[in-house]
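There are 2 protein chains.
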Amino acid sequence: MDASLITYLVPVTGLLALIYAFTRAQWIARQDAGTELMQEIAGNIARGARAFLRREYRVLIVFVLVVAALLAVANATQPDSSWLISVSFITGALCSGLAGFIGMTVATKANVRTTQAARTGLGPALNVAFSGGLVMGLSVVGLGVLGLSLLFILYSGLDWDFARVINVIAGFSLGASSIALFARVGGGIYTKAADVGADLAGKVYEGIPEDDPRNPATIADNVGDNVGDVAGMGADLFESYVGSIIGTMVLGAAFLDAPEFVAQDAFGGLSAVLLPLVLAGVGILVSIVGSFFVRVREGGNPQKALNIGEFGAAGFMAVLSYFIIRAMLPAEWTATTPLVGTFTYTATGVFWAVVIGLVAGTLIGLVTEFYTATDTRPVNGIARQSITGSATNIIAGLGVGMYSTGIPALILAIGIIGAHHFAGLYGIAIAAVGMLSVTGIQLAVDAYGPISDNAGGIAEMAELPPEVRQRTDKLDAVGNTTAAIGKGFAIGSAALTALGLFAAFMTQAGIDSIDVAQPRILAGVLIGAMLPYVFSAMAMGAVGRAAGDMIKEVGRQFREIKGLREGTARAEYERCVDISTRAAIREMIAPGLLAVLVPVIVGFIDKNMLGGLLAGVTVSGVLFAIFQANAGGAWDNAKKTIEADFTVDGATYSKGSDAHKAAVVGDTVGDPLKDTSGPSLNILLKLIAVVALVIAPLIA
Amino acid sequence: MDASLITYLVPVTGLLALIYAFTRAQWIARQDAGTELMQEIAGNIARGARAFLRREYRVLIVFVLVVAALLAVANATQPDSSWLISVSFITGALCSGLAGFIGMTVATKANVRTTQAARTGLGPALNVAFSGGLVMGLSVVGLGVLGLSLLFILYSGLDWDFARVINVIAGFSLGASSIALFARVGGGIYTKAADVGADLAGKVYEGIPEDDPRNPATIADNVGDNVGDVAGMGADLFESYVGSIIGTMVLGAAFLDAPEFVAQDAFGGLSAVLLPLVLAGVGILVSIVGSFFVRVREGGNPQKALNIGEFGAAGFMAVLSYFIIRAMLPAEWTATTPLVGTFTYTATGVFWAVVIGLVAGTLIGLVTEFYTATDTRPVNGIARQSITGSATNIIAGLGVGMYSTGIPALILAIGIIGAHHFAGLYGIAIAAVGMLSVTGIQLAVDAYGPISDNAGGIAEMAELPPEVRQRTDKLDAVGNTTAAIGKGFAIGSAALTALGLFAAFMTQAGIDSIDVAQPRILAGVLIGAMLPYVFSAMAMGAVGRAAGDMIKEVGRQFREIKGLREGTARAEYERCVDISTRAAIREMIAPGLLAVLVPVIVGFIDKNMLGGLLAGVTVSGVLFAIFQANAGGAWDNAKKTIEADFTVDGATYSKGSDAHKAAVVGDTVGDPLKDTSGPSLNILLKLIAVVALVIAPLIA
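Listed in order, the protein sequences are those of chains L and D.
Quick note on our numbering: the first sequence kicks off at 604 and runs consecutively.
Quick note on our numbering: the second sequence kicks off at 604 and runs consecutively.
Check each hint, because a few of them may be wrong.
Each pair may be met inside one copy or between any two copies, as identical chains are not told apart.
Here are the simulated lysine-lysine pairs, DSBU-like style, with alpha carbons at most 35 Å apart [claimed, not checked]:
1. Lys1264 <-> Lys907
2. Lys1165 <-> Lys1258
3. Lys1264 <-> Lys1210
4. Lys1210 <-> Lys1258
5. Lys907 <-> Lys1210
Hint data in this document are derived by calculation from the structure and do not stem from the laboratory.
Start from the sequences and build out the full structure, keeping to the hints where you can.
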């Protein structure tokens, strides 16, 4: 097959994803949006979400333009780079931003229509909620593939050597990371500031429950689900998706210097570079096909429907990738690359690396489920420890979080060794691509959760009949499990992506070993391993401060708006949305600077030390992220366990009991861990690796 | 000077330490032990402590003999090792065990005599408490130096090459680590099981306060202070002390192959090997001299007295070490060693490395104080967050713990680079020796804390006049600060010692680089970095289970012993001591096996992977230990801040307020973190490094 033909086919799959997403979005918009009250509530949420995006994007435009200008100036005179890196950067930021905008807009339409559909049955409700998630998922992969492949076509047309093409394309990844930083860290701060603020305001100014329409922070809280869990997760996976592809392209380019490979290759030596793009493109088609299988009948199990779609897609992808890889790559070749040395590669070996990625992603997700889902031993253990008070609940949750790092670390360790065994460093990078190839449907399942959650909230606020709430609760309960799996998957993919980018950085910076026996490198590892702690502390502190602002604003409204407490006057929801928005953007500056400046400073001191830093931040960040995410998830479900009546030694503990109060403390502690600081670490890992990759030509 | 002369002088300093410790112990025993009630309470504590030691040592003897047999068999046929390694091992275990026995016996005599002395004044009370600590400190350094130097003399007399002498001596360090594992991990579990058990039992069976003599767990709680904070800390520092010396000896032996060094050296090439022993010996003398300056007048500040002794000793040691190093080492030599390559060393450079160790240890201690002492911004912040409940208190404390890793990581990173800059890997190892050279007085100041704490408890239980309690409180408050500094110091020294042992392992195993770009090594780093999480989770779970046993036993006694609740019958304290003891020993088996088996298994799979594992466990363990220790310390003092009346925005929060209740939750959560799982990580780091060093000849 011709290289140029396949290059042009890839963006077509991206376009297809966007077109299909568009038709689903149109279909959602055509669904009934329910009663006037439902529409008003949904309208407030949608407006709040748009207000956040508008303000976020206003700051982002300035940030992106400044960084673009810096990139252009720094790279203009570099022989192996170009000012065009700023174009890649802006394109990456635009694509990620656009995906977030589309996803969130559709999610805030799908929520109320899910509620309305739940009035007729479970099947229609699942269909609407999942379609909403699918629009997000397909927008992410569609824009990712489209943007990347078009830039690749554009730069390949210039008279550049291949290293230069790749250096300049890496800017796309940096653009995606910048948006991810804002969306995931800022969004995480937003959602928890609103959540904790609404919750505590209810406690401080008594008699106002969290979901009560009189609570001015309640809309901000609902907006937060969309901002954090839809847009934030989307930007996170967009970054992983794009980063894993670029990392693999960089490593695949090393084979251009391997005569044996080039001689055999059907694409003139480019097949290893093109493979991640092709796998991503095929993954899009598989995701669309998989989505057709997500169907449930009344009384059926939505979890099963989602599993069939998700795991079916992964399995199908594994089979297809075998034929793709066998068709594209030479059956066997020996190459000598700087980092791996002389190694004999096989197409089958590359296939196994892809399978390892797919399997590792799934396994990490399942382990996450084991540690955080209701009715598991760890979660029931926390529920039991709630009986003796909040202190024992907290200790038990911390313990579960710590334990839960064990198996994922082993899976990653085995995955790294395995992927490398089959296909060297290229294997590690392509494993990440494999893991992320079905991101389209994966993210659909993820984003389905917060949409169902919102749908339930709207049903409650609009006082719909109990069977509606029962149906949305059923969807939501499944959403909690998929969210846990999705979080594990996001961390695992961030780790593999960061490792792929790490290898790409070493290649581009001309580093051929990172010897921790050297003191500077060991110091780099130590500093890198410390960053996740300080970054997490910053994110958690930000939530605390922003929640404080929110509580004050709620107090002001109760004092100044007459009739609010009596329910005769409307709360100024917009002010609360605005406070959360401003706080989120203000508070993410410090951690953002930390993530960007530290690798730049260390890199210019000593590029090898930066290599150590990358190793340290990746390893420490993955573990600390798993610890935080799983402790938080387990606390959440321990609370839910007690709310569903928890019986131990003959005694039953229910909502309102002392055990429940203790479990609520754990849940509140876990909230910022699992929704703000934990997920932010995914971004930290990748952002630092991308920054390193982008400055690699400058410090080489 | 003759090598053999100086070799014989070193054990003399060890003997001197023991003789002086003996005279201080005699002096303490001669002091008045107070009223009959005081003596009875103290007698119960002393008996409990002895009961713990007896049972612990009974298990230990079996463990030590089995490991000794394994070591003897595995090493008997190794040409560069010998069955005598089991003799080193047993000697190390014996010395550490004996130091713990002496320290704890004297501490349980000093506590009640401190109380009695406090009836006459602050000065006499400080004198008794500090003398008690000094006996512990001098026993540790005395037995460490004596044991090591005698083995060195013994093995040097055999017809062995030097690498073999060092390999066989390394068993001493493993013996010390084994005891440290039992004393620190087991002791940590003991102390918190008793503490949490006594506390919760009081809550569950109402009307029995924690310190009430009717609470059967109260003596176990007081025993715990001695078991955990005196014997545990002593064994921890004994391990660091011995490990740092042996690590430096290994690295110093590399100069025996440097002709330029040997030609110039006054000790025939052995000066770099002897230096750590000599510095340790001189440090003993400095510690004894420093102890003379710890004096306080009535109304004076005990903190100042301790600081003069401690920092004065460190400063004096720095000055002395300049002259010692200049006298012992050649002024300048160039050597080529496997790990460092060709490097020009100077005596002055080695001196600066020692200074870096002394300064880094002090700085990490001071940073710890900043994050955990009362009236600091972080601790007041936690106190403020307690007003909105226990959830915000916990979040704030976790945040402080995370932040507090930042500066210590930078100090260690700079210290590593600096020490290496001045004297290569030898510099890093000798920096650890520098840091630990004044362990004698450092540990005296540390152990003074729990003695004062016990003294206060006895004053309370014996219902002495309030001015006595005021004096012991003043001593205890200072003890909290010194404990925080001591904890930071213990972690920092564990890190440097582990790095020194790590370098020694690489030398002995014939590894000349640990390249994290290699997948097996990266996997090793990942697994290593995960171990502290799982190890901590095990330790925390152990505390929970053991505390549960304790609560049940307290309940049984209240049910079955007639008149206990009324105060007419005596509680069966021994049963509670026994439960805590058995639980501690049972629960430390799993984490102990983890720490020993993982490095052995990984090492036999791939020695380079073990190198990666060591790097991972050291870096991750240090950070996780700092996080846990400082979060715990900060929660503790946030509670104390509120107990001393905390005023915010005009409102005052005191003991018994809701803010105080929230702060108590934080303190309870922090207890196992700062006293069990956190300090256990010090042992994990060093133990894994020592195990690696001991198996190095087998996997080389």
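Structure-based check of all given hints:
In this assembly of identical chains, the alpha carbons of Lys1264 and Lys907 lie at most 35 Å apart only when taken from the same copy (33 Å versus 45 Å across copies). When the C-alpha separation of Lys1165 and Lys1258 is checked against a cutoff of 35 Å, the pair qualifies only within one copy, where the shortest distance is 33 Å, while the shortest distance between copies is 38 Å. In the homo-oligomer, the alpha carbons of Lys1264 and Lys1210 never lie at most 35 Å apart, since the shortest distance is 51 Å inside one protomer and 50 Å across protomers. Taking the shortest Cα distances, Lys1210 and Lys1258 never come within 35 Å of each other, neither inside one copy (56 Å) nor across copies (54 Å).
With identical chains, the CA atoms of Lys907 and Lys1210 are never at most 35 Å apart, being 49 Å at best within one copy and 45 Å at best between copies.
Violated hints for the displayed structure, listed by number in ascending order: 3, 4 and 5.
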